[in-house]
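2 protein chains.
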Amino acid sequence: MRIIDEMGKKAKAASRQLATAGELKNTALKAIAEALLSNMDRIIEANTIDLENGKANGLTPSLLDRLKLDEARVKGVAEGVLEVAALPDPIGTVISGSTRPNGMEITKIRVPLGVIGIIFEARPNVTVDAAVLCLKSGNAVILRGGKEAINSNKCLTAIMQDAIESAGLDRNCVQLIEDTTRRSSVELMELTEYLDVLIPRGGKGLIRAVVENAKVPVIETGAGNCHVYVDESADIDMAANIIYNAKTSRPSVCNAIETILVHEKIAEKALPAIKARLDEKNVELRGCEKTAAILGSCVVPADESDWETEYGDYILAVKVVSSIEEAIDHIAKYSTGHSECIVTSNYKNAKLFTSAVDSAAVYVNVSTRFTDGGMFGLGAEIGISTQKLHARGPMGLNELTSMKFVIEGDGQVR
Amino acid sequence: MRIIDEMGKKAKAASRQLATAGELKNTALKAIAEALLSNMDRIIEANTIDLENGKANGLTPSLLDRLKLDEARVKGVAEGVLEVAALPDPIGTVISGSTRPNGMEITKIRVPLGVIGIIFEARPNVTVDAAVLCLKSGNAVILRGGKEAINSNKCLTAIMQDAIESAGLDRNCVQLIEDTTRRSSVELMELTEYLDVLIPRGGKGLIRAVVENAKVPVIETGAGNCHVYVDESADIDMAANIIYNAKTSRPSVCNAIETILVHEKIAEKALPAIKARLDEKNVELRGCEKTAAILGSCVVPADESDWETEYGDYILAVKVVSSIEEAIDHIAKYSTGHSECIVTSNYKNAKLFTSAVDSAAVYVNVSTRFTDGGMFGLGAEIGISTQKLHARGPMGLNELTSMKFVIEGDGQVR
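So the protein sequences, as listed, match chains D and S. Using the working numbering, you'd call the opening residue of the first sequence number 122 and step up by one each time. Using the working numbering, you'd call the opening residue of the second sequence number 122 and step up by one each time.
Check each hint, because a few of them may be wrong.
When chains are identical, the list treats them as one kind, so a pair holds in a single copy or across two.
With a cut-off of at most 27 Å between alpha-carbon atoms, the simulated DSS-like pairs for lysine-lysine come out as follows [unchecked claim]: (1) Lys131 with Lys386; (2) Lys472 with Lys133; (3) Lys454 with Lys130; (4) Lys411 with Lys454; (5) Lys133 with Lys469; (6) Lys472 with Lys130; (7) Lys130 with Lys336.
Quick caveat, the hints were computed from the structure, so don't treat them as lab data. Note that the coordinates shown come from a computational prediction; the quantities given were computed from them, not determined experimentally.
Construct all of the structure, not just a fragment, from the sequences and the given hints.
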């Protein structure tokens, strides 16, 4: 039997126990938070090995920073675990119910998905974040992190497993695949017998590879080619402020914007005001011909590829459009379906935009940067789904669950 | 450009129109119902060609019967369309909403999935049933039916397209793939650019092939290795009656049972009573040794494969178990997660069974035959999901939808 099959089997067994574990899950979460703090030295030691290997292998400073765990970060992770423990348990929630004409009573109840796989890249804090969200929602988890963080991940997983066991639960609720070759991720993607869902967390390449190759159900996360459309009737200061925030407050994240579409009737006034704000952060503008005609030679000419690109950087594509319909069509063609915003003071256009734009989050006069589990009040987030099946937008604990029907009666037959 | 890409593109365009079509969808559904009746001769003519080809190709009488459309059946299909038209529109339903501390208002709204693919086998009525459920829920659909029904399917699709167009909607809301070779179904399974979900409807082989090979998201339907567990405390008459109903009322369907598990303390009394009922329909019993010891030589010895088999026939596997836990473990090992029942008068055991058994529908003292959209009050059904992601159990109109977040404010930034 392959290691992955053994892990799958153990996860399945653990998930059956977890499905009805109730408050024991919180006992385990609190034990994990404590154990992270009391094993601080051990975690930092393991992480130091990863950091040294990373330096030797020429990782960039920004990758090394993502890899790093210091005392403050571990404390932050432990606090995050306690926050998850404090959330209401989604399992057992009655979603709906009815009594049918023949007297049988149907209740639709929230249950765990079962076994969740998470494939992720360099950040070791994801090991704990993802594991505790799965645990809280009653799911066993099989983690497959990047090779850069393998020592940190092994250490964190061992600490979590001991804590889970100390709470009286099966330590295999959380497992880590220690093989970080491509083979192990392919095996995980094909583990149809044991895995109920696979969630990739990381860059575009990783997510594409998982979506293309997985045989198990996948929830696609993260890609964000987001837009702001500045309507003819927009408040120009508000538009400039939203664009400034959505582009520059954290350009690398998926809810940052990549393209703005500006109505031609407001472009001459709005574009200079928007540029003035973006100049504070030296944002490069790549624009259509009309944009260049208004803003001049500072605009890099945009081509088709600019409308498609998630820059993740201080670069913004700009297009002047002749109508709201053209803006909506542009978004339909190029958006990844993450977050889009209209800045408008026209009621009809606000309604048209929110009904016609088919993205997970559609904003009126609000920055796209709010697409986030915490900001939406979900309490925690495992990622942002850009697919339409099962979950869309920020995924909290409910999105890590399924449901079942319980039907009670006194001998009804059909 | 391949034909399938053209169809995908057209479907996407049609789905954008459909997403906000509102009451026009019902106008189209009523036009379809009328057109089915007014084109009765044309439909029966096309179907006759399929039937003649089927006979020439040696289809079994039962397959020919499934293929057949006569006046009564077409009328039934048309009535079904009107029933779907009469259901409430799921699109635009507000699922939840809140005002966040910064004043922005979040509303979670039901929206269509977009473009749905349906792969199905011989029954031409599925062409209409599936198409109208997709239409009602605001989705464009690409149908890929079996070659046996191709003439009927082409005729029905053309009639629906004309009716849809007459209602002012894009005729490409419904499209049929006319190529019935394996190539076209593989192309559909890989149409990631246009397809939001693919639903296979048909036998085990078809569903397995789609789940294994699709790159688009799939909803797995239909496999039903269902169980009844007769608890120590069961009312024996009730148990026999439920088993008789769940096995014999329609053995070929997915919510019929395949195995019964009987507690050893009640087996000596219960098994003869159960057998007496099943004898009315000459049900073959395949039992464990203990079953044979009680019922005698009429019992065919069961082996491992019997616990795994969905007979779909007048055959029932029987196992005597020493505890409810053994029954639950057996179900966890062999069930396809469709429907399971406990017959009991013990409160604690009823609760244990419903919480520990991880199937779409878990019954207490009710026949498994009720796992059905109509019986559950969903109004219509596109299939029964046996997966845990997105939809589980009978899928009605809501299960053909996704959601989006609409966020309104007055300039909020983060």
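Hint-by-hint comparison with the structure:
| no. | hint | verdict |
| --- | --- | --- |
| 1 | Lys131 with Lys386 | neither (63 Å within a copy, 32 Å between copies) |
| 2 | Lys472 with Lys133 | between (46 Å within a copy, 22 Å between copies) |
| 3 | Lys454 with Lys130 | between (43 Å within a copy, 11 Å between copies) |
| 4 | Lys411 with Lys454 | within (20 Å within a copy, 65 Å between copies) |
| 5 | Lys133 with Lys469 | between (52 Å within a copy, 25 Å between copies) |
| 6 | Lys472 with Lys130 | between (50 Å within a copy, 26 Å between copies) |
| 7 | Lys130 with Lys336 | both (18 Å within a copy, 25 Å between copies) |
In the structure shown, a violation is registered for the earlier hint numbered 1 alone.
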